[in-house]
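From just these sequences and the hints, can you work out the full model?
Okay, here's what each chain looks like letter by letter:
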Amino acid sequence: MFKSYFALAMDGPNKASSHDRHDKRADMLFSLVVKGCALLVLIALLGAAFSMLWGGREAFATFGWKFLWSSDWDAVQRKFGALVPIYGTLVTALIAMIIAVPVSFGIALFLTEIAPAWLRTPIAAAIELLAGIPSIIYGMWGLFVFVPFMAEHVDPWLDENLGALPVTGPLFQGAPIGLGMLTAGIVLGIMVIPFVASIMREVFLTVPSEIKESCYAIGSTTWEVVWDVVLPYTRSAVIGGIFLGLGRALGETMAVTFVLGNAHLLSASLLEPGNSIAATIANEFTEADSPIYLSSLIALGFLLFVVTFVVLAVARLMLMRLAKRAGENKQ
Amino acid sequence: MSVSLFSRFKKQAAVLGFTTLLAAGSVHAADISGAGSSFVYPILSKWSASYNAKTGERVNYQSIGSGGGIAQIKAATVTFGASDMPLRPEELEKAGLAQFPVVIGGVVPVVNLPGVKAGEIRFTGPVIANIYLGKITKWNDPAITSLNPKVRLPDQKITVVHRSDGSGTTFNWANYLSKVSPEWKTKVGEGTSVQWPSGIGGKGNEGVAAYVNQIKGSLGYVELAYALQNKMTFTKVKNKSGHFVDPSLETFQAGAASADWTEQPDFYEVITDAPGKTSWPITASVFVLMYKQPKDAARSAEALKFFKWALEEGQSDAQSLDYVALPTRLVEQIEAYWAKEIR
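Which chain is which? The protein sequence lines are C and Z, in order.
Note that the numbering used here gives residue 20 to position 18 of the first sequence, counting from 1, and the numbers run on in steps of one.
Note that the numbering used here gives residue 938 to position 309 of the second sequence, counting from 1, and the numbers run on in steps of one.
Calculated directly from the structure, the hints in this document are not laboratory data.
The C-beta atom is built at its ideal place from N, Cα and C for all residues, glycine as well.
Hints are not guaranteed to be accurate.
[What the hints assert, rightly or not] Below 27 Å or equal to it, Euclidean Cα-Cα: the simulated BS3-like pairs (lysine-lysine) are:
| # | chain 1 | residue 1 | chain 2 | residue 2 |
| --- | --- | --- | --- | --- |
| 1 | Z | 764 | C | 81 |
| 2 | C | 81 | C | 68 |
| 3 | Z | 746 | C | 81 |
| 4 | C | 214 | C | 326 |
| 5 | Z | 816 | C | 81 |
| 6 | Z | 767 | Z | 746 |
| 7 | Z | 816 | C | 68 |
| 8 | Z | 924 | Z | 969 |
| 9 | Z | 723 | C | 81 |
| 10 | Z | 764 | Z | 869 |
| 11 | C | 26 | C | 37 |
| 12 | Z | 703 | Z | 969 |
| 13 | Z | 764 | Z | 816 |
| 14 | Z | 779 | Z | 746 |
| 15 | Z | 767 | Z | 808 |
| 16 | Z | 934 | Z | 924 |
| 17 | Z | 723 | Z | 937 |
| 18 | C | 81 | Z | 814 |
| 19 | Z | 808 | Z | 869 |
| 20 | Z | 746 | Z | 703 |
| 21 | Z | 764 | Z | 808 |
| 22 | Z | 860 | Z | 786 |
| 23 | Z | 703 | C | 81 |
| 24 | C | 68 | Z | 814 |
[As the list claims (entries may be wrong)] Facing chain Z, according to a computed beta carbon distance under 7 Å, are these residues of chain C, among others:
| # | residue |
| --- | --- |
| 25 | 181 |
| 26 | 288 |
| 27 | 291 |
Take a look at the structure:
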């Protein structure tokens, strides 16, 4: 910068305009490169979505809209429907987020506001380490450690104490086998926590300490500081972190396959086995022996795109309304 | 890696002499490749190792599943495909493929009932079908207790475990249930994956074995080798002639021997529910698919040589891995079939 002004002063206007042109070209080149980087993501996304739509066209053409709400999954009769996997995907992801969001918030709050300084780094490192564990390890831990625990302690208790309730009762009825939607949701929740927690922690750290300190100075409690200052200040980044976790929960394959039960059965009970889109594809892709079977699996993959997109869009819409209301409140 | 190994091999060969070098060159040119059934993978890799030690030939087998094996051989990317489910003669005709069995195995019901030992529980085909249909749901159902008067069966729900992936094991299991239960045949049918009326799905034999070991009161089905190696509680099943038999190499052998292999062209024969006093009712065979008029005739001939060796001399290998070798009469029929069908 300084050098170019210096050059301008020394060499006069002619030389400078060639410099300008050079700069302009470099600017343009740079903007093209970064545009290309951004476009690459878009192209990859659209390409993947389109190729799955193309691969699934036979299933969509054969079954039409019925594909979305049919609970059939019969390779012998060649009748396929996506209802069971879509339902399983949404329910397990929902359970996961119900667990992961509050726990992650607690972790981030503790690490940024309450924990003594010497404890912060080790715990933060541990969380990041958790994020790096391959999902198959979670699956194996789920099957060999967590499933027996659920079967012996949690499932029977739920069945006995909540299974008889009028409205929510049907959610908790069933044989205590330990596998099922609830177990899968909890394992997913544990898997998602490190992602959401580490993002929350990072963004909580970005809140200027002047603001926080002035709040403390006028007598706010830690909770008030976090709830009324830190959270509103970082809201969009926090929601972004939650979305990232949600995306992972919707698409997770291996861990879910181990603990979900992989049964194409539609059941209201969270204790019964079910299936998810990703688990169905992973289980059945290699042995899909008819073109319509293969096409239905690829169509499921496309629906996972759609489901993820719809869920994220709805979440964003809710966020926008929330932001608008918050704005109105201030006025 | 294989190139450097080969060049090292070539250098050694050059030292040893010119003829050896020639032999080494031809070995590399005629690598036999195959793909398909994961059930047959352990025995095929054992055979290929033994055969390699004996002749220097190499057989590369990818265990990608029967469905994948059929797709690969139809695309002609491999010399042979292997499938747990035979293809219909019409389908073979259309694709120009020949088909023959190479090894016998069997599917075994396994249970997890604390205090019950292997071979103590007795089932009949229709009872198993009704359990899998979700019609018998408790272990102390009269249909089960009347078969097992000596065993104390708990008042516990039966958790049915099946395969979540498409599988030849499932095909043989569902085929057997279709033969013994008309209701199963119309409601569910047979195939490498079916619409299960009840139960949970495990991926692969190991997945089913893991679930059965985890869940008390469960009933699943695995290949014999898995049941034996994991020390699972297998059950007796009543065969077509009305005898309760244990799953073992002998009863599998009896099942294979009592099947009539000449009835159908291209050995299109699913040998479940075989007659015979000592036959295991859910015996299964693995089929190899090869082109009748292969593009690479030399390589195909090498593959046939390998299978000839395997069928005639690979029997001890098979038994050590809990597979059953084919009956001698069947081997003769297969060799006659090769001479007639494969160029």
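Problem - Violated hints - listed by number, lowest first - result: The structure breaks hints 3, 20; every other hint is satisfied.
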